[in-house]
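There are 2 protein chains.
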Amino acid sequence: MKVQSKKDGVSSVARSQEQNEKMRLERKEQIMAAALREFSAKGLYATKIKDIAEYVGMAQGLIYHYFKSKEDIFTELVTDALDKMNDAVIELGKMPLPPHEKIKAAIKQLLYTIETSERFNQTCCLINQAANSTALPANIKEVIDQKRDVPYRELAKIIAAGQQEGTVVAGDPQALALVFWTSINGLAIYKATRQNNVTLPDAGILINMFVKEQNNGKN
Amino acid sequence: MKVQSKKDGVSSVARSQEQNEKMRLERKEQIMAAALREFSAKGLYATKIKDIAEYVGMAQGLIYHYFKSKEDIFTELVTDALDKMNDAVIELGKMPLPPHEKIKAAIKQLLYTIETSERFNQTCCLINQAANSTALPANIKEVIDQKRDVPYRELAKIIAAGQQEGTVVAGDPQALALVFWTSINGLAIYKATRQNNVTLPDAGILINMFVKEQNNGKN
DNA sequence: TCTTTGATTGAACTTTCATTCAATATTTTA
DNA sequence: TAAAATATTGAATGAAAGTTCAATCAAAGA
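From first to last, the protein sequence lines stand for chains S and G.
Under the numbering used here, the letters of the first sequence match residues 189 to 407, in that order.
Under the numbering used here, the letters of the second sequence match residues 189 to 407, in that order.
Derived from the structure by calculation, the hints contain no laboratory data.
All residues carry an ideal CB built from backbone N, CA and C; glycine is no exception.
Careful, some of the hints might be misleading.
Far from chain S, some chain G residues (derived; all Cβ distances over 10 Å) [as the list claims (entries may be wrong)]:
| # | residue |
| --- | --- |
| 1 | Lys230 |
| 2 | Gly231 |
| 3 | Lys238 |
| 4 | Asp275 |
| 5 | Met283 |
| 6 | Arg341 |
| 7 | Ala348 |
| 8 | Asp360 |
Result set (BS3-like, lysine-lysine): computed pairs, CA atoms no more than 25 Å apart in a straight line [unchecked claim]:
| # | chain 1 | residue 1 | chain 2 | residue 2 |
| --- | --- | --- | --- | --- |
| 9 | G | Lys236 | S | Lys329 |
| 10 | G | Lys272 | S | Lys400 |
| 11 | S | Lys258 | G | Lys236 |
Using C-beta positions, here's what the derived DEER-type ranges look like [to be verified]:
| # | chain 1 | residue 1 | chain 2 | residue 2 | range |
| --- | --- | --- | --- | --- | --- |
| 12 | S | Lys282 | G | Gly245 | 41 to 49 Å |
| 13 | S | Arg307 | G | Arg341 | 24 to 32 Å |
| 14 | G | Arg307 | S | Glu206 | 24 to 32 Å |
| 15 | S | Ile278 | G | Glu259 | 49 to 57 Å |
| 16 | G | Gln383 | S | Ile278 | 51 to 59 Å |
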C-alpha cells in the first residue's frame, strides 16, 4: 500500500486520476482567490500577473499552466460571481414566504453577509468594476450583459407581488429594485474599501424603506 | 488695428497675454472633457493617452504640452469633481430651509441632474472608480481620502437635525447618509452605463425613504 | 529503478504604451 | 518682414508587463 506525502500534508492511498484533478482544481482556486483580492481592489488592468503570482507564492509562468490569460481569470471570476448572485436571488423568489418577508429576509441576510464576508464585498467590487467598464474584452461584456439584470428583474417581481398584497411601499417596482440593489452594492463596496470602523445601517432602516410599517414588526 | 483669425473663428483685437492664457485653458478643458469621458468609462489604466488625443483630435505628444502626465489629468479631474460635489453639499447645508426640505430639494435636484446631465453621471463613475481603487498613485489617494467623506458628514448633520424636528425617519444618521449617497451614486452610474431606456425612480420614492410621510406633500 | 507525466521555475520574447524630442507650422511682437 | 514664442506633429525611446518556453523538479506507474 503506497502512501503519498502531499504538499498540504494530506496523506492518502494513491488514486492519481482523481487526486490530480482535485489538486489542479485546488490550485486554480488558490489563484482565483488571489485574483479576486487583487482585481477587486485594483481592477483588471491595474492588476499585474506578477501581483497574483506573488500573492499565491508561485512563479508568474505557472499561472499560465492553469489559465489561458489574465482576462480568462477575470472572466471566470465574474461569471461565477454573477451566477452565484443570480442563483441566490432566484432561490429567494422561490422561498415559501410572502413577498414582504422575502424582502426582509434578503435585507437581513445581505447586511449580515456584508458585515462578515470580506469575500462577498470583494465580489461586489468586482462586479461593480466589470459592469461599469467598457474597456473589457467582448466575451466578458457578453457575459455581463446577459446576466447582470437578473437580480433587478427578480426583485422587481417580488416587489410587485408585495404591492399587490399591500405590504410593500408604492412606486415603480423596477425603480424600487434599482434603489435596493444600488444600496446593497454601495454598502458592500463601502465596507470593502474601509475595513475599519464602518457604521453599516441596521436592517430596520432598509426594511422601512421597502416594507410598509405595519408589516415590519421585529421577529 | 490688427485682426487675428483664430481656429474657433473668433476674430479680435490682439491682446495675447490674456488671450493666450484663455486659449490654453480652453484647450486644457477640451482635453479634460475627453479624458472624463474615457476615464469614466474605462478607468485610469485602461484609458490610453492615444484614446484621449484621438477624441480631442490632436497628436499624442501635444497632450504633454498641457499636462505633465496621464495621472495628472486624472488627478485634476478627480479633485475638481470632489470639490464641486463638496461645495454643492455645503451650500445645501446653508440653505434657509428646514432639514427635511433640504433633503427633498437635494433628491429632486440630484435626480433631475442624473436624468439630464451625462457629464454628471460620468463624474460619478469617475469618483466611484477613484474611490474604490487601491491602485492609484499616492497623491490621488490623499486627495480622495481627504475629500470623499464630506458629503456623508454634511448629509448626516442635516438628517440628525431633521430627526430632532421629527420630520426625518429614524435611524443612525451616518447610516442613513450612507444609504442616501450609495443610492444616488448607484443611480448615476446605472444611468451612465445604459443610456437607453432606464427607469429611474421618481423623486417621491426616494423622499419617502428619508422624510416622514406627513412632511412629504407634493409642492 | 526507470520512464513518463505533470508541476514549477525564471529567463527570454514581444507587444503595448507613456513619455520625450527634434522638426515644422503658426502666431505674436517689434 | 524678421525674430521670438508658442502650438503641433509624429516618430523614437524606454520601460513595463503579458505570454512563451526550455530546462528542472517531483511524483506515479511499471
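Hint by hint, work out which the structure violates, then give me just those numbers in ascending order.
1, 2, 8, 10, 12, 14, 15, 16
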